[in-house]
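Peer 1: Add chain B to chain A, keeping to what the hints say.
So the protein sequences, as listed, match chains A and B.
Residue numbers are given in our numbering: position 20 of the first sequence equals residue 20, and the series is strictly consecutive.
In our numbering, each residue carries its 1-based index in the second sequence increased by 1000.
None of these hints come from the bench; they were simulated from the model.
Just so we're clear, the structure is a prediction, and the values are computed from it rather than from any experiment.
There is no bait here: all hints are sound.
If you only want the chain A side, here are some residues facing chain B, beta carbon under 10 Å, derived: (1) I36; (2) S58; (3) D59; (4) G60; (5) S67; (6) S111; (7) D270.
Cβ atoms here follow ideal geometry from the backbone N, Cα and C, with glycine treated the same way.
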Amino acid sequence: MTNQDDILARLICLFEDYTIRRCWPQETEQSLTLSIVPTLVFDMSGEKAQAIRVSPGSDGRILVELSKFEKVYLAASMPNGTWDEVDYSMYLKGRHWLLCAVTEIPELRESGYECIESIWNSPPDQFPDLLWGLIRWQLRRDGFQQLWFVVSSSDEAQMVRSALVALTQNKPNATGKLQLAQVVQSTDSLRGFPFLDDPHRPPEEGEQMLLLYAQEGYADLFQWSQGRFACRRLTAKQTIDLTLVSRLAICSDTLDRPPEGVLLFHSVQDLESQAIAHYVMWQPVLHQWEAERKRRCVQQLQRRIAQLEDENRDIEAAVRRSRHVLKRLSANPPLSTGGDVCLHSGSTSAPPPP
Amino acid sequence: MPAFGIDLGTTTTLIALARQGKDPESIETDVRNLKQPGYEDERELNHLPSVAFFPDAGEPVVGLWAKENGPYVGPTRCVRAVKRLMGRDLFLDQIGRTPSEVSALYLKEVLRQVLDKGYAMDELTVTVPASYTTNQRGDTLRAIDKAFDALEEQRLRGEQRGRLLISEPVAALLAFIAWDMLKARHARQIDVDRQPKILVYDIGGGTLDLTIVELAWRDPHGSYSLDNLQFSVLAISRHNQFGGEDFDLRLAHELLYPRLLEASPDLERIELTREERLALRYDLINEAERLKIELNMELEFDEEGILFRTRPLSICGQEHDFTVDLSRHQYEELMAPFLKEREGAKNALWPITELLKESGIGREDIRYFFPVGGMARLLPLQEALVRYWGGKESFLKFPVPDEAIAQGAAVYSYLKSTRQGFKIEEPAADAYYVRLTKEFDLLLRRDQQSSERQRYILENTGNKLLLQIFAGADPPADGELESIYHTLIYQGGTAIPLGGVYNKGTPVTIEMERRYDTKVPVVRIWIGNSTEPVDVIDFDELKSEQEEARYA
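Looking at chain A on its own, in the form it has when it is part of the complex:
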């Protein structure tokens, strides 16, 4: 174990002793439930594309696996093997676009193949075929029911949405088994989402979570607020109050057995694929939850307004009655019963002196 790991281990112990809450409130504002069906997620928000398989894991958790791009998928002139991520470069072989590395393009062009260096820069009418070239193998092989795309901009989201419409029209046999195809835009706080990998511990409003990057030497502090993660990167000079932090995750290649309750990711890539998968799974639930929370807020406000309106009506009725009494009294002043009685009727004139 390296020194860095020693320090990390001590930090974890310290953290564990003081701050990890082992028991969460049994009753939360609202329970969150995930309904996971085998899902394929294409993460196209980075410089390279990744395919991630998501399926129900044991104990209600999310099972996340990288779906490798196999050698059959790629330009045959590339060395054999499998890839966790691929360039957005493709070449036209026969009737199909196939993946290739950017570095292969000069040779492929020399051999007479049509090539696209990045599918994002392709003409709109070509994009559906290119997208199909990217996803077809994995989609066919594993028979997924749900397909998600995570992109980084609204333009990309629009391109993918249009392509999906075109594909369902042009390739109904291939895409017919899909129950759902969705496009989402990634957010800055994506890395906070793996913290939600515990169905028994939904986040609490204001809760803070810390993600340590052991090799890289920095940390991210997340705060859960109104259905979102706010993220702040911490550097060496910044201090935080660990007692306010209730969940800890560590990204380390050399740490093997995390203390109970601490999430461990073996690499940044591992973390990111987990983050994407959890984002895709949780985002609709949280969206729904947040919408429900807002709906309840509106309902409460509406009830309050109704209550206030009722109260207002009572006040107005009282005022009306008072005015009526005043009017009657002004017209027929009562007889003196021993003392003077002065009544004001809203007149701006000053009251008579005592």
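Peer 2: Coordinates of chain B only, in the frame set by chain A:
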């Protein structure tokens, strides 16, 4: 601490690590990407091609560079598929090494890359074909030791360094179960409660290995975990030297070479040197592998077939390339000898029939069929297996079938190092059996020096005697003989020449004796009333292919 496993394959070598998953009970595995020595760039693959090149001077190069460039630079100094030569104590003259020493180079390279990343290593498991013989297993262990020694790593010194062997089909199944257990109960593919029998069909680059495993809980009320799982290996196939290389060779010989001659007829008149012939052969095999991969991909989406263009082949200083127009029907015709069930060593289906027949286990008793290994992806093979099995409902599907064996080896290392007492009931070569008909007639246990003499009567007139020798950890119990097919010492049986023609009814006496210096037995055969044995078969001395041919 992660545990490591290596799939030392005929065509590729993979290394995987296993460590605790998110829960203490779960195990996560990962096949490590490997740099390819000899290339300046940072290209990484999930494997190291099991190919070595030995330059005239300097260190040998293993991996992709050797595979792609070796045939051009020096075809006679390029070695591939040494796994098929393990256990024979051959000496490869042209490179001055034994197969075990070549295997050690692959092991050393993958281990070095992992150790360079800062991992410590206590336990290492290397996989072997289930049907590997004692000699072959011994050779593999020697290769591991040589690799450890060559690394000169303090971490790998001493008596305590763990090195384990596990059968490839069992490793693949272990990986599958570890993966399946990560899933929610309703999403799991294997139902252990029903004590299923699983046929593992492991087809790699050079070997087709079949194993029937039965799964059960050690404690039916215990936890749903690997610790509580009992693996019983019920049957192991004979050694089938059949795999991806055979598909490549057939494509190279039956398709590419004739097309090359059609495209460049002058080649027929050119006298090639031995080196040039070898280089051309390697080139055509590499192209055949590419063709096979492309065909697989195209047939997945198109029924029409493929127009394949080879890379330029350099022959006598001239470059030749050509195209192959191959329809699906033509491809199936070409592969038919492998994929239509027929008796023979080079067939994808016959070994299943043979194993079921010999083990006495019915097809209906097999609950799951688990295709695994790099060649399990091949579409025509998948279709042939589904046809043969009558549907794919019982097929277990692993996401990356060519990584299953390495992952399983790592899981085995992990379980051995973290769970005291974890074991898999797998026969190993510590006892020997002779089978003449349907029984294990002679038994030589590890604590015995010699077996009892058995006397038989020849049922036919002939000049040969069929004999098989098996090895296993524990002697078969009475009544279980037929269900246990242990590691074959001599693959597929041996026809022993009797040195003359003997009539039906002639008595034959056989005895097995342990050699003083090795574990491997010597078998003596007497015919009639002769005082001297007519043949003495020393299995440790069956070293060269010439000697092997004598008994073939």
